[in-house]
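Chain P is fixed; fit chain Y onto it per the hints.
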Amino acid sequence: MNPALTRWRRQLPLVVTTAIFVLLFGAASLAYDGFFSLRTVTSLFTDNAFLGIAAVGMTLVIFSGGIDLSVGAVIGFTSIFTATLIEQAKVPPVLAWLIALTAGAALGGGMGALIHGFRLPPFLITLAGLFLARGAAFWINTESVGIGHDLYQRLSAFEVPLGPASLTTGALVLIGMLFIGYGIGHHTRFGRTLLAMGGNEQSALLMGLPIGAAKIGVYALNGACGALAGIVATLYTGSGNPSMGIGLELDAIAIVVIGGTLLTGGRGHLGGTLLGVLIFGTIQAAILFDGRLSSWWMRILVGALLLAFVLLQRLLLRRRAA
Amino acid sequence: MTPPERTPLSARRQSVVVWPLAGLAALLVLNAVINPSFLKITLLDGHLYGVPVDILVQGSRTLLVALGMTLVIATGGIDLSVGSVVAIAGGVCAVLLQAGHGLGLTLGAALATGLAAGAINGVLVARFGLQPIVATLILMVAGRGVAQLVVDGQVVLIASPSFDFLANGFLAGLPVAPLWVGACYLATHLLVRRTALGLLVEAVGDNERASHFAGLAATRIKAMAYVFCGACASLAGILTAANVRAADAYRAGENMELDAIFAVVVGGTALSGGRFLILGTAVGALLIQTLTTTLYNLGVPPAIAPVPKAALILGVAFLQSERVNPWLTGLLRRRKEPA
Numbered sequence: 001m002n003p004a005l006t007r008w009r010r011q012l013p014l015v016v017t018t019a020i021f022v023l024l025f026g027a028a029s030l031a032y033d034g035f036f037s038l039r040t041v042t043s044l045f046t047d048n049a050f051l052g053i054a055a056v057g058m059t060l061v062i063f064s065g066g067i068d069l070s071v072g073a074v075i076g077f078t079s080i081f082t083a084t085l086i087e088q089a090k091v092p093p094v095l096a097w098l099i100a101l102t103a104g105a106a107l108g109g110g111m112g113a114l115i116h117g118f119r120l121p122p123f124l125i126t127l128a129g130l131f132l133a134r135g136a137a138f139w140i141n142t143e144s145v146g147i148g149h150d151l152y153q154r155l156s157a158f159e160v161p162l163g164p165a166s167l168t169t170g171a172l173v174l175i176g177m178l179f180i181g182y183g184i185g186h187h188t189r190f191g192r193t194l195l196a197m198g199g200n201e202q203s204a205l206l207m208g209l210p211i212g213a214a215k216i217g218v219y220a221l222n223g224a225c226g227a228l229a230g231i232v233a234t235l236y237t238g239s240g241n242p243s244m245g246i247g248l249e250l251d252a253i254a255i256v257v258i259g260g261t262l263l264t265g266g267r268g269h270l271g272g273t274l275l276g277v278l279i280f281g282t283i284q285a286a287i288l289f290d291g292r293l294s295s296w297w298m299r300i301l302v303g304a305l306l307l308a309f310v311l312l313q314r315l316l317l318r319r320r321a322a
Numbered sequence: 001m002t003p004p005e006r007t008p009l010s011a012r013r014q015s016v017v018v019w020p021l022a023g024l025a026a027l028l029v030l031n032a033v034i035n036p037s038f039l040k041i042t043l044l045d046g047h048l049y050g051v052p053v054d055i056l057v058q059g060s061r062t063l064l065v066a067l068g069m070t071l072v073i074a075t076g077g078i079d080l081s082v083g084s085v086v087a088i089a090g091g092v093c094a095v096l097l098q099a100g101h102g103l104g105l106t107l108g109a110a111l112a113t114g115l116a117a118g119a120i121n122g123v124l125v126a127r128f129g130l131q132p133i134v135a136t137l138i139l140m141v142a143g144r145g146v147a148q149l150v151v152d153g154q155v156v157l158i159a160s161p162s163f164d165f166l167a168n169g170f171l172a173g174l175p176v177a178p179l180w181v182g183a184c185y186l187a188t189h190l191l192v193r194r195t196a197l198g199l200l201v202e203a204v205g206d207n208e209r210a211s212h213f214a215g216l217a218a219t220r221i222k223a224m225a226y227v228f229c230g231a232c233a234s235l236a237g238i239l240t241a242a243n244v245r246a247a248d249a250y251r252a253g254e255n256m257e258l259d260a261i262f263a264v265v266v267g268g269t270a271l272s273g274g275r276f277l278i279l280g281t282a283v284g285a286l287l288i289q290t291l292t293t294t295l296y297n298l299g300v301p302p303a304i305a306p307v308p309k310a311a312l313i314l315g316v317a318f319l320q321s322e323r324v325n326p327w328l329t330g331l332l333r334r335r336k337e338p339a
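Line by line, the protein sequences are chains P and Y. Residue 307 in our numbering sits at position 307 of the first sequence; the count goes up by one each step and never skips. Residue 270 in our numbering sits at position 270 of the second sequence; the count goes up by one each step and never skips.
With the rest of the complex left out, here is chain P (with noise of 0.2 Å):
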């Protein structure tokens, strides 16, 4: 087959994925006065960043062909316990932020470790993760706690100005995160080794790859991940809660899949979670300038366009087998 032509099916997911983006902000923007402005894509990233920084960790597991339940509870975890350091034991942010990322990244890799070690399905661990992390966040406290540091104010304050709009440090970190995701995703040799073994774990073992290596390291990751978002759901809210975040695994699974990475693992693109979160944020910033469509409208659309990306994919794969 022209090779050219190979490659532009194989990037069909991302541009079906660019064109729904720029047909729902279209859409959005006739509907709504004032909607299309630099303002309302800046806060497409502060709005969503925790959520996005999610999902960046939750593509690179889902290229190793396995999922990661626990994200959610993850950052509802490293919430309340950055903010109990910091308010309760007076721990600096920055050492209080360090401890969160290393539980995470701990909890992440203790359950790739179960994982590969024991050839434990991914979902049965990351949903005893999920249980854990939960548990582990109430047991801290059952309410929210603020936090009332220099460190934070300044930094929920701090803003890079853009023209008319600006980026908050959410903003910023879900930037540097994506970068950093599509750089470990797409240009090195963990990367690669993951959407290998997504492919086919078999073949891959077989030409010698780290296999165990990178399993347990892409669940690390993803716990780290997971704990990154926890930090800056602090910032964003000023608090520590330890019901943050239920449910928010979801959210990101749907949005690693409308960005077109197969969930069965092996193919996939870190650009894609970007459209990805921006569809979503789309959505849910244009239900929120109507006021009259209700949130569940949210939930509905987000299902219709997973069934959408998934049947998508589904008729890709088997014109290319066929």
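One should not assume that every hint holds.
Here's a subset of chain Y near chain P, in silico, CB distances under 8 Å, partners left out [what the hints assert, rightly or not]:
1. A183
2. P301
3. K309
4. A310
5. A317
6. L319
Everything labelled a hint here was simulated from the structure, so no lab data went into it. This one's a predicted model, so the numbers in the text were calculated from it and none came from an experiment. Backbone N, C-alpha and C define an ideal beta-carbon position, used for all residues, glycine too.
Using the frame of chain P, we list chain Y on its own:
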């Protein structure tokens, strides 16, 4: 020495149920030691009351969902959408009852929504060949929204004595809910074990392609499992709504899929599909409810209750692991045979 392959299939099935049963017994003994009144059942106004009765009543909801989940997992799939279906069915009941419709129409409509939801999942998985996790994730996400749409975002109260009876009533002194859920269990058992249906489901779960070549309607069997699961979830939705006399689209059926999967896995059905045990599922459902009640009685805040559940899931997963299991069996066999 008889090789393990020669032991009759039924005996091997039962031997697996021993584990969850032992767990259930251990929990009950622990409770009885801590609080002697735990096992006490009293007769009040001709009705049975007591913690064990409570466990049966509360556990019947999980059992209903887990019944359907067992068949889906046996085909090698999973259904994440059951919680949302519970919420939708409850919402349909509340809205129809409030509009003054009869009980028969209400229950029929709720069951129909479950069947429809199951059919959607079944078509996506069996016909389009989507991964079960993804296919049912769609309805899990969208279904919650549909449930909120049905009740218009409100918590709709239900004031129907006959509907209430389904969950909170008593028949000849016995609570009604475990009775009809038990009947559902029995019907399912007869359906899958007294006909070839159970065997066919196991064949499809074990090796779909091989069973297709052997002449089984593998696609249809797979799809039917999801339809059955949807129907079970809608019945659980009816039970949930009747129990609290209201439909709460936000919270109803929350984490229900986890409890159901948990009950199935603890009951000895492997997540990889193939052989399944609905007796094990029933014991698993009771085990999880007993665990929840125990934690509640011990004064563990409900928010922390998931942690012991997580530990139990891990333990069971370990026992079922391909790596650990042969090692354990080898250890046990060596001890039995003096070398």
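Structure-based check of all given hints:
1. Hint status for Y/A183 relative to chain P: violated, with the closest Cβ pair at about 31 Å, above 8 Å.
2. The beta carbon of Y/P301 comes within 7 Å of a beta carbon in chain P, closer than 8 Å, and the hint placing it at the interface holds.
3. With its C-beta approaching chain P no nearer than about 6 Å, Y/K309 sits inside the 8 Å limit, and its interface hint holds.
4. Hint on Y/A310 holds. Least Cβ distance to chain P is approximately 3 Å, under the 8 Å limit.
5. Here the hint on Y/A317 is kept, as its CB sits about 5 Å from the closest CB of chain P, short of 8 Å.
6. Checking Y/L319 against chain P by beta carbon gives a least distance of about 11 Å; that is not within 8 Å, so the hint is violated.
In this structure, the hints that do not hold are numbers 1 and 6, in rising order.
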